[in-house]
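Visitor: The working numbering applies: residue 47 is where the sequence shown begins, and numbers increase by one.
The set of hints was computed from the structure by calculation and includes no laboratory data. Values in this document were obtained by computation on a predicted structure and should not be read as measured data. The beta carbon of each residue, even a glycine, is placed where N, CA and C say it ideally should be.
Label pairs and their computed distance ranges (CB to CB):
(1) Ser293 / His342: 26 to 32 Å
(2) Thr184 / Ala125: 43 to 49 Å
(3) His213 / Gln53: 35 to 41 Å
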Amino acid sequence: MALYAVQATHLDTPLHFICADPTLINTLFRCVPQWEDRGWIGVHHAEYPRTLVNALRQRCAVTTFQIAASPEEWHTLDAARADATNVPPRDYTIADSPDLDMNPMFLLTGAKLTSLTQSTAYRGISGSSSTPERRRTTALLSRIKTYLENTEGLPVPSSEIWQSLRHRDLRLPVSDFLWKCIHNAHRSGDFWTNIPGYEDRAVCSVCHETESLQHILTSCNATGQRTVWNLVAKVWKKRGYKWRKPSFEGILSIGQKSWKTAKGKRSEGASRLWRILVSEAAYMIWKLRCTRVVGHADEEWQHSKRGVKALTLAALNARLTMDRELLKKKYCGHSLTKKLVLTTWFGTLRDPSAIPDDWTDVRRFLVGMVSEPRIEIDPG
47 MALYAVQATH LDTPLHFICA DPTLINTLFR CVPQWEDRGW IGVHHAEYPR TLVNALRQRC
107 AVTTFQIAAS PEEWHTLDAA RADATNVPPR DYTIADSPDL DMNPMFLLTG AKLTSLTQST
167 AYRGISGSSS TPERRRTTAL LSRIKTYLEN TEGLPVPSSE IWQSLRHRDL RLPVSDFLWK
227 CIHNAHRSGD FWTNIPGYED RAVCSVCHET ESLQHILTSC NATGQRTVWN LVAKVWKKRG
287 YKWRKPSFEG ILSIGQKSWK TAKGKRSEGA SRLWRILVSE AAYMIWKLRC TRVVGHADEE
347 WQHSKRGVKA LTLAALNARL TMDRELLKKK YCGHSLTKKL VLTTWFGTLR DPSAIPDDWT
407 DVRRFLVGMV SEPRIEIDPG
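Full structure from sequences and hints, please.
Guide: Structure (structure tokens):
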């Protein structure tokens, strides 16, 4: 809005900004000098404040900025807001987006050496070199965006999808696995078709079709995929939610998924449990596949269902134990809270009547009871 007002006002006409809060003033007089000193490196959406500063420096008339204080100034702001919310007349035309072109004579470039750190310089060098986009990565990102827009109802940029892979609820090995999935960097499927003598590895020995990542995680008939998802479904249903097996795009965008209560409020505990269950399940399926395909020469060898269940429950219980450990005082810098841990695992532990409401700091129970909180599923 400020950029549009500056560009719409003649250069020799006085311009006075009356602000409801100090955001614009702090940005121009506190943040901009620091941003210019480091060459605008790492500043999100820098084109807008940079264009605004460039336009202001071209003005030859008085330009003032102040926070509304008098009743007259607040009345002016209220009138402007009312005009913005009113239904526009029929002859109303929507203004074009602000012009982001800048006058090079009033453009401050570069960064001050005294303000430059090694980290900032590295980010600047990395940002100046454009990395060519991979065709398969771009296509898969497009599929993920379409999926999120259809399920979550909001368009999500690629940057948020990449950022969601580093969600604090995802373990680093799982995050790395999902990142490679989007980049199609795992050695499976079509990867082997271009390597002479290994073309047969591109085909699933059980299903006799291309062993793509989507096939491995969602539709492979080898022992592991269906067993893991069925077990995870049982854990999820214990929370009282309906289970729907996540799609390939849903697995890769797990950091963006959120669940709501019956009243329409966001459920942090259920959302966190879903991220843990789906991410750990996908990673477990991948590890089982690698053990079956790479770790055994016999193509007919497969895991036992009992072994798959044991490994999956061990992974989930390891996450439960990690949550309990992170609540200790020596990890006080971690953002995990006791309330979030309790709401995450609520209803999923075995013998709920035998454990206290706050089981996070209980190390041992009475004789004859389980030694510690665990997730347990009926093997049937």
